[in-house]
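Asks: With the sequences and hints as input, model every part of the structure.
Now for the letters of each chain:
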Amino acid sequence: MTTTWFASADDATTRLSEAGYLTDDATALTAYLAGALEKPLLVEGPAGVGKTELAKAVARSTGAELVRLQCYEGLDEARALYEWNYKKQLLRIQASQGDAAWSEVHDDIFTEEFLLTRPLLSAIRRDEPTVLLVDEVDKTDVEVEGLLLEVLSDFQVTIPELGTVTATRRPFVVLTSNASRELSEAVKRRCLFLHLGYPDAERERAIVTSQVPGLDDRVVAQLVDVVVRLRELELKKAPSIAESVDWARTLVALEIGDLDEATVARTLGVVLKHASDQQRAVKELKLALS
Amino acid sequence: MTLLDTHIGFVEALRSAGLSVSLAEGLDAISALEKVQWHDRETVRAAYAATLVKRQPQRVTFDAVFDIWFPRLIGSGVAGDGLEPVAGPPDTGPQLERFREALADALASGDVQALQDLAVEAVARFGAMPGRGPGLSSWSAYTSLQRVSPAELVERLVRGLLAEGMDPDQAERTAGRRVGDFTRLVEGDARRRIAEEKGPEHVAAVTVRPTIDRLDFTAARRSDLEEMRREIYPLARRLAARLTKEQHARRRGPLDVRRTVRASIATGGVPLETHHRPRRPHRTDLVVLCDVSGSVASFAQFTLMLVFALREAFSGVRAFTFVDDVVEVSDTFRPGADVVEVMESLATSISQAALWGRTNYGRALTRFAEEHGDAIGPRSSLLVLGDGRSNYSDLALPVLADLAGRARHAWWLNPEHPRHWGTGDSAADRYGEVVPMVECRNLAQLGEFVHEVVQPHPAR
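Sequences listed follow chains B and D, in order.
Per the UniProt record's numbering, the very first residue in the first sequence carries number 1; after that it's consecutive.
Per the UniProt record's numbering, the very first residue in the second sequence carries number 1; after that it's consecutive.
Derived from the structure by calculation, the hints contain no laboratory data.
Errors might be hidden in some of the hints.
In silico DSSO-like pairs for lysine-lysine, Cα to Cα no more than 27 Å straight-line [as the list claims (entries may be wrong)]:
hint, chain 1, residue 1, chain 2, residue 2
1, D, K198, B, K236
2, B, K286, B, K139
3, B, K139, D, K35
Non-contacting residues of chain D with respect to chain B, defined by C-beta distances greater than 12 Å in every case (computed) [said to hold, decoys possible]:
hint, residue
4, A24
5, L52
6, L96
7, R222
8, R229
9, R318
10, R406
11, H420
12, S426
13, D429
Yeah, the Cβ is synthetic: ideal placement off N, Cα and C, and Gly gets one too.
Replies: Written out as structure tokens, the structure is:
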């Protein structure tokens with residue numbers, strides 16, 4: 001009944017890289033374990049290192065559909081799980097006024113027809129393989145975590161009027177977090193944990209080359225060198241992979257064949273998003289400002 | 001030891017090192033291990049890490065404990081095979097020469113495997129010490145590093161890298177990093193050898209350092225301080241996120257009749273949802289007075305940086321530093337200022353804050369009351385940072401009591417363990433009678449405290 005997501009860690013590496021996501025060994029192994037143990041995977045790390053992309057890549061490489069729940073402050077049950085379409089229910093009651101007995105109407109308005117499923121419930125009810133992405137779970141309130149607990153541990157949802165809906169096929173769950181808040185122990189306990197950091201220079205070159213094929217290998221090497229040096233500085237926001245890729249795209253768009261100091265200084269805004277960070281970089285890298 | 005014993009011992013060691021590993025997580029780890037191949041040690045490490053470590057700062061501790069419980073090799077291993085044929089004592093001049101040549105080559109090429117093998121050899125050959133009893137031996141990373149002294153190779157390494165066409169700055173950084181890596185490898189290998197000798201339980205308890213947010217400010221090394229500084233902004237961001245959330249949770253003010261009625265029209269006049277007016281946020285004025293003399297300087301810097309990173313949460317922040325004279329440093333913390341520059345100008349302010357260079361709380365407090373006494377009003381909170389070690393001088397307790405009495409709240413943050421309060425020249429206990437004294441030894445405690453201060457209705 002259960003789907004095998006990946007056959008082994010090596011299988012995960014190959015299939016994810018075919019889907020355009022280059023992993024390291026630990027990431028591939030953890031992704032494989034998440035599938036094999038049917039446990040949710042909690043991915044933490046700085047912005048722009050490919051947390052969300054990992055979930056998308058898993059979906060692409062296994063041919064599963066991605067169901068996404070974007071978390072934000074104030075997200076509640078009605079938007080995460082399910083909601084009764086009360087406007088339609090009101091209409092139904094008004095339309096049948098006088099004709100039908102109350103008991104009939106009462107049974108009628110709490111059926112599938114009036115149920116609005118939200119991402120969590122949809123993911124559980126699907127028969128096809130599904131990847132459920134709960135994005136930026138640290139942005140939600142603590143109450144939503146409680147809601148996630150039932151879904152994540154037993155893959156079931158209890159709707160008082162309908163009964164308990166249990167997953168016929170367990171989805172591959174990925175939760176991402178920027179660690180802006182500690183998640184509760186209860187949620188963490190149920191998940192496998194993976195920290196995505198900045199990649200080593202070699203892997204970053206491979207990622208940039210695969211994402212931006214038009215760029216010369218020499219320029220890619222120069223670019224990654226500069227980014228690695230920037231990460232060593234004390235910056236408010238160190239550049240991540242997303243910024244490297246953006247930078248590579250910028251260079252392609254500007255048709256720059258050599259990343260010299262002047263070019264770095266001119267295009268620094270793509271990589272560093274704080275004025276003070278840019279000043280520091282100019283100073284530390286001894287860039288000549290034109 | 002069976003595999004299960006090793007597993008249980010490992011989990012126990014993690015717990016005593018401060019990781020909260022639950023029984024369920026231990027079971028998860030076992031079922032994860034069932035699913036993976038065991039031929040690669042890194043696979044086992046990753047499987048354990050995915051199931052047991054749920055907080056990234058704990059990863060360092062985890063790796064240290066893992067290396068002790070699942071050692072890379074036993075004894076001198078493959079690298080040691082080459083050791084045996086050498087006649088006579090292993091640690092001789094020519095041997096050292098040969099070893100340093102090999103090390104210089106490995107450092108120059110940055111070959112990780114070669115460095116690892118050399119680290120094993122360094123400990124085996126130069127780090128052996130007689131053990132406590134007959135037939136026992138012990139190992140010292142310190143002795144090996146003293147003998148090999150990789151730091152002396154840095155210059156040679158830099159020259160080599162320059163010849164390869166690297167620019168000077170980068171060459172120096174690369175050389176420093178490679179030597180640092182080698183040092184860590186040697187330390188790790190010495191731990192492994194000791195663990196082999198004495199049993200892993202013993203070593204894990206002694207050598208594993210606490211995670212960076214639990215590390216005492218006063219016990220921090222230079223590299224730790226840098227790492228802590230990098231933690232300040234993420235910590236401030238986490239606190240700010242938590243604060244907005246808590247403020248929003250309390251935001252529901254009185255019923256907003258107009259919006260409620262307006263919304264009820266959509267549901268045929270039935271007010272299904274009520275709307276409320278937001279509550280006005282309450283903000284405090286904060287006055288920070290910090291001792292920046294040598295012993296507590298880093299603690300004061302961290303606190304100031306954290307407070308200023310959270311400035312939105314206060315209606316105003318003023319900061320003063322003192323050793324025996326008082327200087328205002330509020331201007332140093334411009335919004336969006338660069339961290340490194342702030343640290344530099346703070347350092348200059350320290351020299352201005354010292355007339356004679358010996359900490360004198362009494363004098364500093366009196367000067368503060370005279371010159372900046374108007375900074376404290378009924379809406380402001382006073383925060384004093386320092387260890388209260390005043391070189392047996394006058395304490396000016398009435399001055400502090402007066403300042404505290406005028407402020408809305410007053411706290412004293414002390415980076416020392418409470419058991420040291422009032423010992424030697426510490427006047428922490430006597431100041432503690434005037435102003436509540438709070439223990440604040442690491443980033444975790446600092447974060448908790450600042451959060452409590454910022455809250456509109458402090459729990460105290």
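Asks: Work down the list of hints and note, for each, if the structure agrees.
Replies: To see whether the hints hold, each was checked on the structure:
no., hint, in the structure
1, D:K198 / B:K236, "44 Å, violated"
2, B:K286 / B:K139, "39 Å, violated"
3, B:K139 / D:K35, "33 Å, violated"
4, A24, "6 Å, violated"
5, L52, "8 Å, violated"
6, L96, "33 Å, holds"
7, R222, "14 Å, holds"
8, R229, "7 Å, violated"
9, R318, "22 Å, holds"
10, R406, "36 Å, holds"
11, H420, "30 Å, holds"
12, S426, "33 Å, holds"
13, D429, "34 Å, holds"
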